[in-house]
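Student: Could you build the full structure based on these sequences and the hints that come with them?
Number of protein chains: 2
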Amino acid sequence: MLSKVLLNIAFRVLLTTAKRAVDSDDDDELLPSPDLPDSDDPITGDPDVDLNPVTEEMFSSWALFIMLLLLISALWSGYYLTQKRIRAVHETVLSIFYGMVIGLIIRMSPGHYIQDTVTFNSSYFFNVLLPPIILNSGYELNQVNFFNNMVSILIFAIPGTFISAVVIGIILYIWTFLGLESIDISFADAMSVGATLSATDPVTILSIFNAYKVDPKLYTIIFGESLLNDAISIVMFETCQKFHGQPATFSSVFEGAGLFLMTFSVSLLIGVLIGILVALLLKHTHIRRYPQIESCLILLIAYESYFFSNGCHMSGIVSLLFCGITLKHYAYYNMSRRSQITIKYIFQLLARLSENFIFIYLGLELFTEVELVYKPMLIIVAAISICVARWCAVFPLSHFINWIYKVKTIRSMSGITGENISVPDEIPYNYQMMTFWAGLRGAVGVALALGIQGEYKFTLLATVLVVVVLTVIIFGGTTAGMLEVLNIKTGCISEEDTSDDEFDIEAPRAINFMSSGPMQTDLGPYSDTNSPDISIDQLAVNNNKNIPQHSSLMVDNTLGVLDETENTSPNPGRSSIDKRNLRDKLGTIFNSDSQWFQNFDEQVLKPVFLDNVSPSVQDSVTASPSDFSSQNH
Amino acid sequence: MLSKVLLNIAFRVLLTTAKRAVDSDDDDELLPSPDLPDSDDPITGDPDVDLNPVTEEMFSSWALFIMLLLLISALWSGYYLTQKRIRAVHETVLSIFYGMVIGLIIRMSPGHYIQDTVTFNSSYFFNVLLPPIILNSGYELNQVNFFNNMVSILIFAIPGTFISAVVIGIILYIWTFLGLESIDISFADAMSVGATLSATDPVTILSIFNAYKVDPKLYTIIFGESLLNDAISIVMFETCQKFHGQPATFSSVFEGAGLFLMTFSVSLLIGVLIGILVALLLKHTHIRRYPQIESCLILLIAYESYFFSNGCHMSGIVSLLFCGITLKHYAYYNMSRRSQITIKYIFQLLARLSENFIFIYLGLELFTEVELVYKPMLIIVAAISICVARWCAVFPLSHFINWIYKVKTIRSMSGITGENISVPDEIPYNYQMMTFWAGLRGAVGVALALGIQGEYKFTLLATVLVVVVLTVIIFGGTTAGMLEVLNIKTGCISEEDTSDDEFDIEAPRAINFMSSGPMQTDLGPYSDTNSPDISIDQLAVNNNKNIPQHSSLMVDNTLGVLDETENTSPNPGRSSIDKRNLRDKLGTIFNSDSQWFQNFDEQVLKPVFLDNVSPSVQDSVTASPSDFSSQNH
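Protein sequences, first through last, are from chains U and F. Per this note's numbering, the very first residue in the first sequence carries number 1; after that it's consecutive. Per this note's numbering, the very first residue in the second sequence carries number 1001; after that it's consecutive.
If you're looking for bench data, these hints aren't it; they were derived computationally from the structure. One or more hints might be untrue.
[Unchecked claim] Distance condition first, Cα-Cα at most 30 Å in a straight line; then the derived DSS-like pairs of lysine-lysine:
{"no.": "1", "chain 1": "F", "residue 1": "K1344", "chain 2": "U", "residue 2": "K344"}
{"no.": "2", "chain 1": "U", "residue 1": "K283", "chain 2": "F", "residue 2": "K1084"}
{"no.": "3", "chain 1": "F", "residue 1": "K1213", "chain 2": "F", "residue 2": "K1344"}
{"no.": "4", "chain 1": "F", "residue 1": "K1406", "chain 2": "F", "residue 2": "K1213"}
{"no.": "5", "chain 1": "F", "residue 1": "K1489", "chain 2": "U", "residue 2": "K328"}
{"no.": "6", "chain 1": "F", "residue 1": "K1344", "chain 2": "F", "residue 2": "K1489"}
{"no.": "7", "chain 1": "F", "residue 1": "K1457", "chain 2": "F", "residue 2": "K1375"}
{"no.": "8", "chain 1": "U", "residue 1": "K344", "chain 2": "F", "residue 2": "K1328"}
{"no.": "9", "chain 1": "F", "residue 1": "K1283", "chain 2": "U", "residue 2": "K344"}
{"no.": "10", "chain 1": "U", "residue 1": "K242", "chain 2": "U", "residue 2": "K344"}
{"no.": "11", "chain 1": "U", "residue 1": "K328", "chain 2": "U", "residue 2": "K489"}
{"no.": "12", "chain 1": "F", "residue 1": "K1283", "chain 2": "U", "residue 2": "K84"}
{"no.": "13", "chain 1": "F", "residue 1": "K1084", "chain 2": "F", "residue 2": "K1213"}
{"no.": "14", "chain 1": "U", "residue 1": "K283", "chain 2": "F", "residue 2": "K1344"}
{"no.": "15", "chain 1": "F", "residue 1": "K1344", "chain 2": "F", "residue 2": "K1283"}
{"no.": "16", "chain 1": "U", "residue 1": "K213", "chain 2": "U", "residue 2": "K489"}
Tutor: Here it is, written out as structure tokens:
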């Protein structure tokens, strides 16, 4: 209701604006100002027209006003939908719709200043809109779930995106090769489009999943896949663009794969190192006494990881994601309480605004980008090809994952029980179908498509844009229904999630610390928690063995400690198997591989990177914490 | 120390960047990409050069990386200076200095992409950097002090800025008329420069004052003046620019004055109305159940006031300032606790980042703006003229303010005591001198100067830029010393200030409500609080009389209530004068004029705009609060 009023206002404002645009044009003619500056101005976007700075400022004000109004409408609709429990339509779909309506109005109204201002700009997208979303994703990530499902995520993300891009690329290349629409693109270009259309969107589907509290395992797999495949499509796209205008050879596939792996691991390293840098900075200075400066610095340094990584031709998304994870894992506990809150709320707020803004932008783009060339058949073929590609990626890879888990489970079981039992699928059929359905495309694809070169770039851009909007509307609009049809487990309330959402400002630090410490294993509603066979007593023993011995080293040489403890870290206890806990055990077979890291993290990394292990945890875990924490001050 | 390290890193990064810039240039030549998009791209800023989007993205990444690195250095220096209690050098001075160093490096290094990216852009300044500072100023404003010193603030801001602009304009016009430097500007242009150089800076001086906890009265006067005169110089500048190339007539002065008054009041109204709109929106919806959406919406709507006002050719600064004040006065109490905190921290963080960024930008601009024409004599004359102009504005107006207060005091006193007593100055000499010293110029002036037109625009821009940087360095660097020399009262700890700064997240709402209610009068350390002669008992009586009678009307017709209560609102009690409280009384003579508004606010506006008057206040103030507050739900 109110959103209608707002739209109405937007309408009137736009009409007035359009009039003013015409009027001010005349004003400009009257004013004797021939020699004006700023032909490179980003607001008018048109280097040929010299605008009076005052008029120009007015136009940018109106453009921004309209953008913010759209954002307000979208957020308000989101509130309204939540309030009325309407789940058929989603906020992001409405954002696109609002963007399209306003885009149409802008397109039809006279004057091109506002139209030029609101067109999609890939620089803004990559430098302003994308980072907050990625950073917040990393920061809010449920680390236990993420690392427990790492195998599935990586399989879906890396070979999955590759298969998807290749399938789309081949279908499009064949279609254009047939020559039915007089388009002739090279194979490298077809692969570029395939890469852009392989970046799935982490926003819409996950906000629906969040609203329904979908099973954390499915959530984590889709979330991780969509985050990582953005990074992968970007790298693939850039690789394909390098071959633009050159004959593609078979070796270029391997070159691309090598390039990708290098990029991924270096970016990950950059992110983790910067996160650790922040943790150490906070630990060894008194900056937490000035929370205002502290929170600014944390935000800025996190962003630096993104820009640094991009500047080095690495993947900023990967760096930022892992920087966020590292920040939450270590630096969080070194911040002042006020900064903890500020950072969390600011990340959430910026991410929310960016998400909505991106979809509005997509809607606007459909009408305000004047040079687009729409080829209906190509669009249909592309839309079909992404479904085919998604199918080719999800189902075989799911079977592969199920097979891996099955083999591994049977191998580890047979040694103990000696009999061949039926192992439940790691990813059952309804999860596979949901993963397929979750393959809607997002703004990353459009932003990449803006970089397509060559004769048919506006045709390809239009195709990508329409396909992206279609997938968001179709798949995004039907996700809620599919959850019911596929009988996916919903309403899973994870304790950690609720403590994130509700107002927990005065929660004492000790509790927060514990919830990411070893006790966290009891928190999840789901059985894929880590280390169910390590008790607190065991940890206490381990800590008693290790910490006093390292506390003197720690100050001298961090790396030395790293090497030493890797050897001394105890094996996870493998006691007798309780049949009742069989399913739990199955879920944790892969986790036990990462057990050594968790122990190592608790015993070495956390003491080195964290400021002071909170007393209540220390009391229960270590014997003599006082000399250790005082040493660090 | 660390800042040196950071600078060193910046150095290396820049060198690498420069190399890469050259390398990538070559890459571009090699790639067969002749027909590229985005000639209107805001990142390269050069419409003639078509850049590969990937390369382009890399450049924007490096440019942003450098900017953020500068910000980090500045903030880190700020922390270091505070930590080591170094007060001779201020953070903003260092920001300018860092900006200059990096600007020089960028200027000297090959490749012009980064140079183009980092040049000052008035659109960014007005649309991105300025709003957070103004919004935060309004939101964090000590409302009691501000409105109590309104007379002094308005006199310094309106005639003060006018005098300053005219004096500077005349001096510059005479200087150029002499023809010593072969510059020939029209009187309208000279006045334009005068207007740009009359906008004093609200950042540096106030952060020093904050650090020293300077007397709230002086703080408020200088704060209010510098906030309002930004708005006034902008309007004056735009008025002068209208006369560019036209002969200036005497009537244009009156036209300008009328235009200014209209602009000011309409802008104020827009800001207040939008603030009230937010309060009502929060009151009448359940949006506080979704704090994430709530805080986004509040932030966005506040920004809308700025852009709407600018779009209507009004003053966005004034609107935003009063929107912030209204938000804090009404909407704050309708927010969820989480949004209260989010909004406050986000405003502070954004303002802090913007402030530092602006000064870095100014420093960069000195070297990266390639077309500047420096005329040393003109710069010296301009620097002298701003001192003369400030002198002409501050001292006569201070005498005028003292005279007004004296006359008013004597008149109101003589009716009661019958004798002629010596009245202390409202603004004593050391306060006048400090106000003079606080007249350093800021980024608003430079942003305006970018809009100067005509043949000598780069000469005038260079002059304004250098003068601004000089005043910040000279006056900003010596403020701390002047505070001691002039024997200004420092270390005044206002209770409200401390509760703002420290971590008060779990402060119960009732206390917050009271502190802006009538009890607030006891809070300030200074005697210029309002209504010392209205006791809570009196208020209770008034409320008993008024509220039950209005509570039924309120729902039907707000305007009707407004008219009615203006008449029925009780006169502030004027009981016998206690000689011991003479100074208190003197300070509140002007305040008693605004007493009716405070009563009106408490009894009518707050019940209408606020969601629920907190029980503890209600119990002590009104007789039957329960039916009244339930009515509003």
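Student: Of the numbered hints stated previously, which ones are contradicted by the structure, given in increasing order?
Tutor: 5, 10
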